[in-house]
Amino acid sequence: LVAAREIRDIREDMLSSSALMGGVVAEYGAAALAFENRTAAEQALQALSKHEEVLDAALYDRAGHYYAAYRRDPSAPPLANEIGPRQSAGATLDGARITILRPVEVGGERFGTLVLHTSTEPLTSRVRAYEQGLIWLAVGLLAASLMLAWVLERMISRRLHGLAEVAGNIARKGDYKVRAADAGGDEIGVLADAFNRMLTEIERRQDEALRAVRVRDEFLSVASHELKTPLTSLKLQVQGLLEMPPQIPDGKDAERLKSSFALTERQVRRLERLIGNLLDVSRIAVGRFQLQVEDVDLVSIVRDVAAQFSAEIHRARYTLDLKLPESARGKWDPLRLEQVVVNLLSNALKYGNGKPIELAVEVQNGHARLSVRDQGIGVEEVHHERIFERFERAVSLNYGGLGLGLYITKQIVLAHGGSIRVESAPGAGSTFVVEIPRGSS
Amino acid sequence: MKSVMVVDDDDDIRETISGLLAQRGFQVTTAADGNDALQQLRSGDLPGLILLDLMMPSMSGEEFRAWQMNDPRLAAVPVVVLSGAGMVDEVGKKMKVEAISKPIELTILVDTVKRYCGAAE
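Line by line, the protein sequences give chains A and B. Mapping of the first sequence onto the numbering used here: residues 1 to 441, in sequence order. Mapping of the second sequence onto the numbering used here: residues 442 to 562, in sequence order.
None of these hints come from the bench; they were simulated from the model. Some clues are possibly wrong.
Where chain A lies over chain B, by a calculated footprint (3+ residues, C-beta under 8 Å) [as the list claims (entries may be wrong)]: (1) 444-452; (2) 457-464; (3) 524-530; (4) 541-550.
Heads up, the beta-carbon is just placed ideally off N, CA and C, and yes, glycines get one too.
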C-alpha cells in the first residue's frame with residue numbers, strides 16, 4: 001500500500017516536473033520562434049541536455065511545421081515533421097515515456113508548439129526497486145516465521161508431544177510408574193508437574209485397588225477353609241452316627257454317643273459363630289450395626305465368658321488370672337460387650353503359647369477399662385494399626401481364622417464411643433486395652 | 442496292622458478322625474502340627490500312613506513333608522493330604538502325594554486308611 005502510494009506520488013512528481021520543464025523551455029523558445037531565430041531555438045532546446053530524463057524535444061511553428069529539435073540519442077528515429085497547429089497543452093503518459101505538449105505564447109499570441117518527451121525510466125526503476133524490496137521483505141518474513149515456528153515447536157509442540165507420548169504409553173501399557181520428564185518452570189512445566197502428580201495419585205489408587213482385590217480373594221479362600229473345618233468334623237460325626245447299630249446303646253457305646261453329639265454341637269456353634277462374624281461385617285459395611293443399650297455390669301460379663309472358656313482353657317493347659325473389681329456398671333450393649341471379651345480371650349488362647357493369660361477390669365473417671373494380656377508370639381509394631389482392619393492379620397494364614405475378630409471388636413468399641421489399642425512386641429506377648437465411657441449411649 | 446497318624450492343628454478334627462478310626466479298630470496317633478509329628482516319628486514306631494493337614498501354624502504340611510523326605514528313616518512313610526484349601530489336586534501333584542479335600546466322606550476316610558494300613562482287627 002505504501003509502495004503503491006509512493007509510486008503514484010513519483011508519477012505525479014514526474015508529470016508535474018516534466019510539465020514545468022516544458023513551461024521553462026517554452027518561455028525560452030517563445031522569443032526564438034517570435035523572431036524566427038532557429039539558432040536561438042536550438043540553444044534553448046539544448047539546455048534540456050542537463051536533464052537526463054529528457055529524451056527529445058521539438059519546437060513547431062504556428063502552422064505546426066517542424067522548426068528545431070533536441071535529441072539525446074541522435075540515432076533515435078527522427079521526430080515528426082508536422083503536428084496539428086492548434087494542439088492544446090497537456091501531459092500524457094504512454095508506456096515508457098511522457099509526452100508534454102505546450103503552446104509557445106508571448107503576450108497571449110501563439111507562435112508555435114513545444115513537444116517534449118521524457119523517459120519514465122526513473123519511475124520504472126523505482127517500481128523495480130520496490131518490487132525487489134518487497135521480495136526481500138517477503139523472504140525475510142518467511143525466514144522469520146520459520147524461525148518463530150521452530151522456536152515455538154521447540155518450546156511448546158515438542159514438549160506437548162512429549163506429554164502426549166507419556167499419556168499414550170500409559171494408556172497402552174497401563175504402567176503408571178512412568179513420569180513426564182519436562183522440568184520447565186513455565187506453563188507447560190506446570191502442566192507436566194500436575195500430570196506427574198496425577199500419575200502419582202493414580203498409581204497410589206491403583207495399588208490400593210489391587211491390594212483390596214488381593215485381600216478379598218485371600219479372604220474368600222480363608223473363609224471357605226474356615227467354614228470347611230467345622231463342616232469336616234460335623235459331616236464325619238454325623239456319618240459315624242448313621243453307621244451305629246439302630247438300638248439304644250448302653251455303657252461304653254452310650255458314652256461314645258454322648259461325646260459324639262457334644263462334638264457335633266460344638267461344630268454347629270463354630271459354624272454359627274463364623275456366619276455371625278460374616279453377617280456382622282456386612283452389617284457394619286452397610287451401616288446397619290446398632291447397639292441395644294441397657295444398664296449392665298462388665299464384671300459379670302467377663303466372669304460369664306471366663307466360665308464359658310474354662311473347659312478350653314483347661315484343655316490347652318492355660319491359666320487365666322482374673323483381676324476384677326466388685327462391679328463395673330455402664331450403659332452398654334451386653335451381647336456386643338460379651339463379643340468383645342470373647343474375641344480378645346480367643347485371640348489370647350490362639351496366640352498365647354500356653355502361657356498364663358490375665359484379664360482385668362478397672363473403673364476410672366467415668367470410663368471402664370478392660371485389658372487382656374497374653375505372653376505369646378506378640379505383634380510387631382508395624383502391624384499395630386493394621387490388625388484392626390477388615391480381613392487383616394499379623395501372622396501367616398496357617399494360623400487360620402477369618403481375620404475379622406479384631407475388626408468387629410474395634411467397631412463395637414467405637415460404637416460405644418470407646419477406643420481400643422494394643423501394646424505388644426514380637427515374643428513379648430500382647431496386651432489389648434479397651435476403654436469405654438460408662439454413660440455411653 | 443500298621444497304625445495311622447493324624448496331623449491336624451484343629452482339636453475337633455483330630456478328635457473326630459482319631460475317634461472314628463479307633464472305633465473301627467485302627468491304631469491311631471495324633472499330632473497338632475508338623476513339629477509335633479516329626480518329634481513323635483523320630484522317637485517311636487513308624488505308622489503305615491500319615492493323614493496330613495496343610496495349613497498349620499509353626500510348621501505347615503508342606504514343610505513337614507520336606508523335612509520327612511530329608512530323613513531317610515521317615516521318607517518311606519506314605520502321606521495322604523487332607524486339605525480344606527481349594528485346588529487340593531494341584532497341591533497333591535506338587536507334593537507328589539495322594540490328596541483328598543475336606544470335608545471328607547467317612548467311607549473314603551476308612552477305605553484310604555485300610556488301603557495303607559491293612560484291614561482293621
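To see whether the hints hold, each was checked on the structure:
no.: 1; hint: 444-452; in the structure: holds (count 3)
no.: 2; hint: 457-464; in the structure: holds (count 5)
no.: 3; hint: 524-530; in the structure: holds (count 3)
no.: 4; hint: 541-550; in the structure: holds (count 7)
In summary, this structure violates none of the numbered hints.
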